[in-house]
Amino acid sequence: MRAVGHIAVNVFKESVRDKVLYSIVAFAVMLIAVSYLLGQLTAGQDLKIIKDLGLASIATFGLLIAVFIGIGLVWKEVERRSIYGLLTKPIRRWEFILGKYAGLMLTLLVNVSVMTAAFYAVLAYQGWGVDALARQAWPAPPMDPALLAAIALIFVELMLVTAIALFFSTFSSPFLSAVLTLGLWVIGHFNADLRNFENVLESRAAAWLARGLYYVLPNFDAFDIKAQVVHGQHVAASYIGLSMLYGAVYMALVLTGAVAIFARRDFK
Amino acid sequence: MRTALALVILLAAAVGLQAVREQQAPLASPTTENLLYVRSPEFMTRAALSYDLLLADVYWIRAVQHFGQTKLSKTQGKQYDLLLPLLDLATSLDPRFNIAYRFGAIFLAEDYPGGAGRPDHAIALLQKGLEQQPGKWEFAQDIGFVHYWWRKDYSEAAEWFTRAGEMPGAPNWLPALAAVTLAQGGNRESSRRLWQELLNSADAEWITTQARLRLSQLDAMDQIDTLERVVGLYAQRAGSPPRTWLDLVRAGYLRGLPVDPERYEYQLNPTSGAVTLAERSPLNPLPSREQPRR
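Protein chains in written order, with the numbering used here: chain A, 378 to 645; chain B, 8 to 301.
Some, not all, of what chain A presents toward chain B, calculated at C-beta under 10 Å:
#	residue
1	I426
2	D601
3	K603
4	V607
5	Q610
Residues of chain A placed beyond 12 Å of chain B at every Cβ, according to the derived structure:
#	residue
6	F389
7	Y399
8	M407
9	E454
10	S459
11	V491
12	A526
13	S580
14	W585
15	A625
16	L630
17	L632
In case anyone wonders, no lab produced these hints; they're calculated from the structure.
Remember, predicted model here, so these are calculated numbers, not experimental data.
We put the CB at the ideal spot given by N, CA and C, even for glycine.
Using the sequences and the hints, build the whole thing.
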């Protein structure tokens with residue numbers, strides 16, 4: 378397991394050196410800050426807009442980092458031919474894959490934390506000096522800790538997206554990996570519709586296929602509690618826990634697939 | 008040092024050019040303002056993926072801007088045709104977007120040209136909100152309000168105020184308001200009471216602004232009634248209506264030039280003796296004069 382740690386730290390260091398990553402995070406932080414101005418454009422909904430835009434920024438920029446760094450993790454090593462040197466060292470292939478994944482997770486965690494800090498700073502500024510009567514109109518306080526639950530689930534979603542990107546990058550080009558990962562992410566958000574296909578399909582076989590796909594494909598909607606949190610609705614801890622468990626199991630599945638494919642690759 | 012100098016020179020050049028550009032006549036704006044590419048809430052809800060809340064905000068901001076721009080536009084026959092589709096999209100993408108229902112209903116119900124003049128659409132929007140949140144007494148109160156203020160259907164208004172009053176968490180003045188509405192529907196005093204209650208319980212700035220505006224309008228209507236009575240009295244005694252307010256001041260009927268609650272001078276029609284608000288007064292347009300007088 379020490380090898381996993383070493384690889385992870387190296388991936389993190391490499392990410393930190395990557396200036397593009399800084400640009401992405403800086404842009405996200407800027408967008409979150411600008412949401413304060415955007416909120417002034419509307420009538421009485423500034424807090425809601427700041428929360429919506431802040432959570433969407435964290436999800437979107439996290440997704441960009443997950444996909445566009447995730448797809449290059451293995452491919453870069455193969456392209457630079459550094460994989461040959463790496464595999465001659467006492468590193469097992471599964472350790473290599475898990476190390477790469479853990480490194481990107483660490484990078485994502487730091488980035489999401491920075492974005493979250495910026496988000497809370499804007500919310501604190503928004504809530505500062507507001508009188509008690511106006512506060513009563515808010516469905517949830519500005520510095521609502523429930524927002525952290527939404528961000529935690531966004532992070533779980535990003536972990537799953539990274540695992541999928543890494544999976545595709547073990548056997549295909551970066552472009553194809555990006556298309557396939559983003560495609561799966563989009564389909565994963567339509568997942569609930571697959572379940573209801575039997576109501577509109579006449580063919581029983583097609584309905585069963587749709588139902589099967591519903592269970593097999595990742596359900597990204599399971600990680601989306603933004604609406605509930607922004608409107609101050611209670612989200613049961615059991616829902617959050619089950620979604621996290623679902624994410625963890627699916628990640629394990631995808632990473633096992635990635636390890637299995639990578640283990641069979643011939644680099645001669 | 009040279010680089011810094013170059014940067015300063017280039018920045019100065021950019022600022023200078025921007026200042027020159029500002030002096031130029033603007034390009035003719037393309038006629039895209041009344042375009043809405045997607046009108047289907049069903050499609051948009053699906054296509055939004057996990058960005059439904061953000062898109063709802065975008066459509067809400069567009070609705071506010073569309074309303075504001077159209078309201079301020081001097082164009083003849085201006086249309087609020089995007090208002091309902093934009094509000095429908097915003098509330099479909101975020102079914103708990105309470106302000107879009109409540110504020111949107113005011114945009115829709117407001118008499119044309121100050122608003123869309125469609126209280127029926129306002130009621131439909133609020134009923135959509137009630138379907139999403141059946142216990143939301145504010146929506147039921149707002150429906151009663153649209154019936155009261157814009158449709159002048161006082162029995163329907165009283166029914167909705169009663170229904171709102173029966174919902175959990177509703178303020179205790181709603182049943183009383185329903186009774187007053189039913190007994191003295193349209194009476195200016197009951198209108199005043201309605202807006203005063205709303206002002207007292209306002210938890211959002213836009214409700215306070217609306218309530219203050221309406222109360223000022225009711226005050227202005229009372230003042231116009233008084234002024235028209237004075238003008239009539241002068242005409243009876245002098246044999247012809249006054250030509251200006253100064254005639255009334257000189258005759259001792261008024262102590263000074265009459266101004267509305269926003270400090271704009273009232274306009275006097277010397278032929279008919281009718282008194283109206285100044286064209287620039289923010290109290291325009293006054294609610295329909297069909298509102299029964301005191």
